[in-house]
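Assemble the whole structure, with the sequences as input and the hints as a guide.
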Amino acid sequence: KAVLTTKDIITPHPGEASFLLSGVSASAINKNRVNFAKELSSKLNATVVLKGAPTIISDGNSIFFNPTGNPGMAVGGMGDLLTGIIAGLYPRIIDPLKTALAGVFIHGLSADLLLETETFETVTPTKVLKNLNRAFKKVRS
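All residue numbers in the sequence shown are consecutive under UniProt numbering, ending with 141.
Quick caveat, the hints were computed from the structure, so don't treat them as lab data. C-beta: ideal position from N, C-alpha, C; glycine also. Among the hints, a few may not be true.
[Claimed, not checked] Label-pair restraints from in silico Cβ distances:
(1) N61 / N133: 29 to 35 Å
(2) K98 / L129: 20 to 26 Å
(3) F19 / R134: 34 to 40 Å
(4) F65 / R92: 20 to 26 Å
(5) K130 / N45: 33 to 39 Å
(6) R92 / K127: 21 to 27 Å
(7) K31 / R134: 32 to 38 Å
(8) A74 / V34: 17 to 23 Å
(9) I93 / N133: 15 to 21 Å
Structure (C-alpha cells):
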C-alpha cells in the first residue's frame, strides 16, 4: 500500500483514478468528476489533479476547475509534461495545492497560446514545453 502525505500531488486521468478508487469505473468518475476528485484526495491524503476537461484540482477540502487547456492536449506524453511542470514549480511554491493550481494553469495556458499559430491536431507535448516561457511571461505581465 502506497503511503502518501498532504505534501504529495498525484495527477491521474480517470482510468488511473478508477484503479485508485477500486471498483469505480472511469465512466462513473467522468460523470461525477468533482465528487471523485475530492474523494480520491481524501482517501489518499494528497492533492489530486484529475486530468480531463476540465482538469479538477482538490486537496480534499477545496475543489478548483482549471480554465486553461484545449482538446489538442489529449495526446500521449502531455500528462508527463504536466507532472514535470508541477515538480519543477514545487520547490519554489512549497504549498502542494498552490503548486498544482499553478502547474495545471501554466500547462494549459502554454497549450492555449499555441492555438494562435497551431491547430488542435498539431499540439504536442514538445511544442507545449517549448512554449512555456511565453506562458510564464504572459502570467507575469
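Has the hinted range 32 to 38 Å been met by the Cβ atoms of K31 and R134? 36 Å, holds
Hint check for N133 and N61 - Cβ pair distance inside 29 to 35 Å: With a Cβ separation near 33 Å, N61 and N133 satisfy 29 to 35 Å, so the hint holds.
Just to be sure I understand the hint, the distance between the Cβ atoms of K130 and N45 should be within 33 to 39 Å; is that true here? 35 Å, holds
Per the hint of 21 to 27 Å, is the separation of the Cβ atoms of R92 and K127 within bounds? 24 Å, holds
If you check the beta carbons of F19 and R134, does the distance land in 34 to 40 Å? 35 Å, holds
Honestly, do I93 and N133 meet the 15 to 21 Å range at C-beta? 18 Å, holds
For F65 and R92, compare the CB-CB distance with the range 20 to 26 Å and indicate the outcome. 24 Å, holds
Taking 17 to 23 Å as the hint, is the beta-carbon distance of A74 and V34 inside that range? 20 Å Cβ-Cβ, so the 17 to 23 Å window holds.
Using the Cβ atoms, figure out if K98 sits within 20 to 26 Å of L129. Taking Cβ atoms as reference, K98 and L129 lie about 22 Å apart, which means the hint holds.
No hint from the list above goes unmet by this structure.
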